[in-house]
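Undergrad: So you can see what is in the structure, the chains are spelled out below.
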Amino acid sequence: MKILISFLITITFMFASDATIEVIKKVDSLPSLAIEDASVSYDETFKNRFFKSLVADLNVLSIFNVERYHRKVNYDASSVLVENKDINYVLRYKLSEDDSRALNLELKLISQENVVFNKNYKVSNTNVYMFVSHAIAYDINKFMGEPPVEWMKRKVIFSRMVDSQKSELVIADYTLAYQHIVVKGGFNIFPKWANKEQTAFYYSSLDEKKPTLKYVDIKTGKSKVIKSSDGMMICSDVNDDGSQLLLTMAPQGQPDIYLYDVKTKSTKKITTYGGIDVGAQFLGKDSIVFVSDRLGYPNIFSKSMNTGSVEQMVHYGKSNAACSVSGQYIVYKARESSESFGDNTFNLHLISMETDFIRRLTAVGINEFPRFSVDGDAIIFIKNYKSQSSIGIIRLNHNKNYLFPLKYGKVQSMYW
Amino acid sequence: MKSIVISSAIAALLMLSGCSDKDPKVDDSAVDSGMKQEVVQDPSAQEVAPIQTETVSSSEAAVMSDGTAQETDGQVMMRVEKELLTIYFDFDKFNIRSDMQGNLSTDANIAKTKAKDFYIKLEGNCDEWGSDEYNFALGLKRSNTVKKALVAEGVDASRIAMVSFGESNPVCNDKTRECWAKNRRVDFKLLP
Chain S
39 MKILISFLIT ITFMFASDAT IEVIKKVDSL PSLAIEDASV SYDETFKNRF FKSLVADLNV
99 LSIFNVERYH RKVNYDASSV LVENKDINYV LRYKLSEDDS RALNLELKLI SQENVVFNKN
159 YKVSNTNVYM FVSHAIAYDI NKFMGEPPVE WMKRKVIFSR MVDSQKSELV IADYTLAYQH
219 IVVKGGFNIF PKWANKEQTA FYYSSLDEKK PTLKYVDIKT GKSKVIKSSD GMMICSDVND
279 DGSQLLLTMA PQGQPDIYLY DVKTKSTKKI TTYGGIDVGA QFLGKDSIVF VSDRLGYPNI
339 FSKSMNTGSV EQMVHYGKSN AACSVSGQYI VYKARESSES FGDNTFNLHL ISMETDFIRR
399 LTAVGINEFP RFSVDGDAII FIKNYKSQSS IGIIRLNHNK NYLFPLKYGK VQSMYW
Chain V
22 MKSIVISSAI AALLMLSGCS DKDPKVDDSA VDSGMKQEVV QDPSAQEVAP IQTETVSSSE
82 AAVMSDGTAQ ETDGQVMMRV EKELLTIYFD FDKFNIRSDM QGNLSTDANI AKTKAKDFYI
142 KLEGNCDEWG SDEYNFALGL KRSNTVKKAL VAEGVDASRI AMVSFGESNP VCNDKTRECW
202 AKNRRVDFKL LP
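Residue numbers (this note's numbering), protein chains in the order written: chain S, 39 to 454; chain V, 22 to 213.
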């Protein structure tokens, strides 16, 4: 028995840093956190909405057991509420509206009767309250000494179908609670952030004579044409410094992958297979990962841009038509059942390029548009299950999924 | 001690009020200017023309009835376009099914005869299974297969343009097998 236990412990340590191995953390072992609302402005509906947003954000951190009771208190009360006496951390906040109608928030984190952290926040109007909630969660996470959750503050850009051949491009927070339409009217799809700072984006316009890639600077609102191609013109990925793009073009009706240099405006053809090669993403500096039907069905492959050698990356799943890459990991969408009316038609899987392990990340529904956060800490995706669409966040190292129901519309494409 | 707490709180307030404030504002400006640009480019805005007033006399009425008897190019194009048959495909496939060869021959004949004065646009479409780049490529490959078949039957390749709409142009929105089969198709459109 001892041998078995020590063997298991050894195995655990060996693979402790591999995200494809499921890490089961005991929920009970997480510290508890309760939230006390001391707001002096706004109606009950808004107070509830803000409270729920904060609970959701703190839950997504995956480092607390967050109490869901919405309890009111005086901000200056000397001790925590009697119900929260045995709670490890109490987060008390006060929302107040000032003369310029800006939303102000005062916050303190109390542990064992002591204020261990405090901070004030301010935004110009109540419509963007969720960014305050995200900022609080970010700060609390940092205060607790956890790895940073930069992605919580980042924005998501997505295209939404509103009718046949009609779509709009929307910028949102990571929960899609805040949504701002940036391009309206026409048929515009596949938006991609043009840089890490998220100050500009690319998108494909199908309203022109030929499919056209456009670039929009968010600060100035100016848009310019990058390139056109017959058949298809999609920006699949942008490299870390924004200097290179991976495009899918089809000048002769043949979809292939091209590397585009933003400065010199030159293109280089990367794939030459006669079937379908699409959806390329940078893998390090010299390689790409892409989707191809060269085995007769869509699957994930890699190709070295120097040597040209192609390697099959995924050996599981009948139809693997979308993926995202971060470091050594690939998350991909696999069609699991040929039964169209089954309840687990498309699921997300994670593989490591260094081991043979596969980790299944979702179990039911149609799960699509997987996308790693910039730091690889989280995966965002869309889940459709039982006629409800939600945006999902997977915290790989915490083995947890979180879903935020979507308001309306069918998401066509999404980029984080 | 108290002054340190207050000053650090003020510093934090200044930093954060800047931070949290800034992002949404950036969007506002971008949205406004971005949207303006799109509205300007909207072709529907250019289609507005002043209403023409015509005085209709009996002689002109006779001229008009003569005119309607003769089809305009546009009317011919629309009539012939309706005769062109849609080509349907199997799930995740872009080869021409044997039961579609008949449709394709009909289309090729029309393209070489009645439609010989027009350009042909092939619109590739897919079912709702997957809204990825792959689906757009699949739609395009379907168009390309039809193009190759038309060229093999003698249609001039320079008259044919292709486009893919992925799954974004369904003719049927129900969640049934029959419905999805209807959406896996290449439609023919004629252009002057």
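Bear in mind the hints are in silico, worked out from the structure with no lab data behind them.
All residues carry an ideal CB built from backbone N, CA and C; glycine is no exception.
Please note that the accuracy of each hint is not assured.
[What the hints assert, rightly or not] Restraint-style ranges between C-beta atoms, simulated for each label pair:
1) V:T93 <-> S:K234: 52 to 60 Å
2) V:D177 <-> S:D245: 24 to 32 Å
3) V:T93 <-> S:E246: 20 to 28 Å
4) V:K196 <-> S:Y354: 51 to 59 Å
5) S:E246 <-> V:C200: 39 to 47 Å
[Claimed, not checked] Mimicking DSS-like on lysine-lysine, the simulated pairs with C-alpha atoms at most 25 Å apart in a straight line are:
6) S:K204 <-> V:K196
7) S:K262 <-> S:K306
8) S:K248 <-> S:K306
9) S:K424 <-> V:K203
10) V:K203 <-> S:K356
11) S:K248 <-> S:K234
Undergrad: Work down the list of hints and note, for each, if the structure agrees.
TA: Now for the hints, and whether the structure bears them out:
Taken as a hint, the range 52 to 60 Å holds for the pair T93 of chain V and K234 of chain S, whose Cβ atoms sit roughly 55 Å apart. In this structure the hint that D177 of chain V and D245 of chain S lie 24 to 32 Å apart at CB holds, the actual value being about 27 Å. A beta carbon spacing of about 27 Å between T93 of chain V and E246 of chain S agrees with the range 20 to 28 Å that was offered as a hint. Taken as a hint, the range 51 to 59 Å is violated for the pair K196 of chain V and Y354 of chain S, whose Cβ atoms sit roughly 27 Å apart.
Our hint of 39 to 47 Å for E246 of chain S and C200 of chain V is violated, since their Cβ atoms are close to 30 Å apart. Simply put, K204 of chain S and K196 of chain V have alpha-carbon atoms about 21 Å apart, close enough for the 25 Å limit, and the pair holds. A hinted pair counts as satisfied when its Cα atoms are at most 25 Å apart, and K262 of chain S with K306 of chain S qualifies at roughly 21 Å. Restraint check for K248 of chain S and K306 of chain S: the C-alpha separation of about 20 Å stays at or below 25 Å, so the hint holds.
Between K424 of chain S and K203 of chain V the alpha-carbon distance is near 24 Å, which keeps this suggested pair within the 25 Å criterion. Distance hint between K203 of chain V and K356 of chain S is fulfilled; the C-alpha atoms sit about 23 Å from each other, no more than 25 Å. Only pairs whose Cα atoms come within 25 Å are accepted, and K248 of chain S paired with K234 of chain S is rejected, the gap being roughly 29 Å.
In the structure shown, a violation is registered for the earlier hints numbered 4, 5, 11, in ascending order.
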